[in-house]
Amino acid sequence: MTDPFKLWSYLASGPLLWLWATLIAYWIGDTLFKLSGRSPFANPVMVAVVLLGGVLLMTGTPYQRYFDGAQFVHFMLGPATVCLAVPLQANLPKVRKALLPILAGLLAGSATAIVSVLAIAKAMGAGPELLASLAPKSVTAPVAIGISQSLGGEPSLTAALVILTGMIGAITVTPMLNVLGFRDWRARGFAVGVAAHGIGTARAFQVHETAGAFASIGMGLNAVLTAFLAPVLLSLFG
Amino acid sequence: MIPALSLILACQLSGEILSRALMLPLPGPVLGMIFLLVLMSVSEKIREVIRPVALFILQHLSLLFVPAGVGVVAHLDALREHGLGLAVALIGSTMLAIVVGAAVFAAVAKLTGSASDD
Numbered sequence: 178m179t180d181p182f183k184l185w186s187y188l189a190s191g192p193l194l195w196l197w198a199t200l201i202a203y204w205i206g207d208t209l210f211k212l213s214g215r216s217p218f219a220n221p222v223m224v225a226v227v228l229l230g231g232v233l234l235m236t237g238t239p240y241q242r243y244f245d246g247a248q249f250v251h252f253m254l255g256p257a258t259v260c261l262a263v264p265l266q267a268n269l270p271k272v273r274k275a276l277l278p279i280l281a282g283l284l285a286g287s288a289t290a291i292v293s294v295l296a297i298a299k300a301m302g303a304g305p306e307l308l309a310s311l312a313p314k315s316v317t318a319p320v321a322i323g324i325s326q327s328l329g330g331e332p333s334l335t336a337a338l339v340i341l342t343g344m345i346g347a348i349t350v351t352p353m354l355n356v357l358g359f360r361d362w363r364a365r366g367f368a369v370g371v372a373a374h375g376i377g378t379a380r381a382f383q384v385h386e387t388a389g390a391f392a393s394i395g396m397g398l399n400a401v402l403t404a405f406l407a408p409v410l411l412s413l414f415g
Numbered sequence: 035m036i037p038a039l040s041l042i043l044a045c046q047l048s049g050e051i052l053s054r055a056l057m058l059p060l061p062g063p064v065l066g067m068i069f070l071l072v073l074m075s076v077s078e079k080i081r082e083v084i085r086p087v088a089l090f091i092l093q094h095l096s097l098l099f100v101p102a103g104v105g106v107v108a109h110l111d112a113l114r115e116h117g118l119g120l121a122v123a124l125i126g127s128t129m130l131a132i133v134v135g136a137a138v139f140a141a142v143a144k145l146t147g148s149a150s151d152d
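Protein sequence lines, in the order shown, are assigned to chains L and R. Numbered per my numbering, the first sequence spans residues 178 to 415. Numbered per my numbering, the second sequence spans residues 35 to 152.
So that you can see chain L by itself, here it is in the shape it has in the complex (with noise of 0.2 Å):
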C-alpha cells in the first residue's frame, strides 16, 4: 500500500484536490443556504471561505498551492462579468428610465463609501498604507487592487478587504433595508452593486432579477467613478 503521507503530498500538490475542494466547500455552502430558507447570513460564499481557510490552516498549505487548483474557478469570473450584459440588457428600458437615480445613489453611494472607511479607520489609529489599501474596498478586485497600488497602498492586502467588504455588504443589506423598510428593487440592488460590487451583486441576484440588474450597473459605475474619487479623498486624510 501507498504512504498515505506520499499520496496526500501528491494530491496537495496538484490542482484536482483544491479545484474538488473548493467545489465541495461551496456545494455544503450553498445547501446550507437553501437549508437555512436563504438566510443572508448563511452567505454561500463565507461558509465556503470560512470552510477552505480551515482546511489551509490545518493542513499547512500555502495559500498559492490552493490557489493553483481553484484558479480555474477563479478565472471564470471575467467571462462572467462579461456574462453580466444579459440581465443588463433584458432591464434596459427600466435602467432608461432611472438615469438620474443611478447617478445621484451612485456619487452619494460611492462618495459615502470611501469617505467612512477613512474616518472610521484612521480614528481608530490606521497609518497611511493601510488607509490607501483600504480606500477603494467597495471596488470590484482587479480595479481596486490598481486603485490600491497607484496610492501606495498594499495591494493584496486590499484584495482580502474587498473581500471581506463584498461578504458584509451581501449579509447585511437584506436585513438592514427590510428593516428601513425600502421596497424599489432598483435602489436596494443599484446601493449593495455600488458598496460591495461582485458579491453584493451575486447576493442581489439571489433575490430579485431587477435589484442584480441594477446591482450589475452600480459595479461597474463605481469601479470608474472610485478610481476618479478616491486619490481626491484620501488627500483629505493624509
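Hint data in this document are derived by calculation from the structure and do not stem from the laboratory. Treat each hint with caution, since some may be false.
Simulated pairs of lysine-lysine, DSS-like, Cα-Cα distance not exceeding 30 Å [to be verified]:
1. L/274 with R/144
2. L/299 with R/144
3. R/79 with L/271
4. L/274 with R/79
Here are some chain R residues pointing at chain L (derived, C-beta under 8 Å) [unchecked claim]:
5. 71
6. 84
7. 92
8. 96
9. 117
10. 138
11. 140
All values derive from a computational prediction rather than experimental measurement. Cβ atoms here follow ideal geometry from the backbone N, Cα and C, with glycine treated the same way.
Position chain R relative to chain L; hints supplied.
Quick look at chain R alone, frame taken from chain L:
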C-alpha cells in the same frame, strides 16, 4: 454552447486589449460587458445564443468568488493586527454606504417621478 462561449471570451479579450492599449481605469471584463451589451442590443440572434449560457454561468456567480475569498486567510496576521478597528471600519462603512446609496436613489426617483414597475 461553444459559439456563446467564444463570443463571451471575444468580448472579454477585446475589453482587455482596449483597457491596456488606452490605459483605461476600467478592467477588461467590464468593457467586455459593455461590448456584449451593444452586440445583444443590435442582434436578436446573438441574444438567443448568449442567453442560456450566460444565465447558467451567472446562476453560480457566488462560487466564482470563493478562490479569491480564501485569500483572506493569507492575510490573517495583517487583519488580526488591526482587528477591531478594521472590523468596525469595514462593517460600518459598508452598511452606511448601502443605506445612503439606496436612500439617495429612492429620493431622486421620487423627485423625478421615475417609479419602479415592480
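For each hint, the structure was consulted:
{"no.": "1", "hint": "L/274 with R/144", "verdict": "holds (12 Å)"}
{"no.": "2", "hint": "L/299 with R/144", "verdict": "violated (36 Å)"}
{"no.": "3", "hint": "R/79 with L/271", "verdict": "holds (22 Å)"}
{"no.": "4", "hint": "L/274 with R/79", "verdict": "holds (26 Å)"}
{"no.": "5", "hint": "71", "verdict": "holds (4 Å)"}
{"no.": "6", "hint": "84", "verdict": "holds (6 Å)"}
{"no.": "7", "hint": "92", "verdict": "holds (5 Å)"}
{"no.": "8", "hint": "96", "verdict": "holds (4 Å)"}
{"no.": "9", "hint": "117", "verdict": "violated (10 Å)"}
{"no.": "10", "hint": "138", "verdict": "holds (4 Å)"}
{"no.": "11", "hint": "140", "verdict": "holds (4 Å)"}
Hints 2 and 9 from the list above are not met by this structure, while the remaining hints are.
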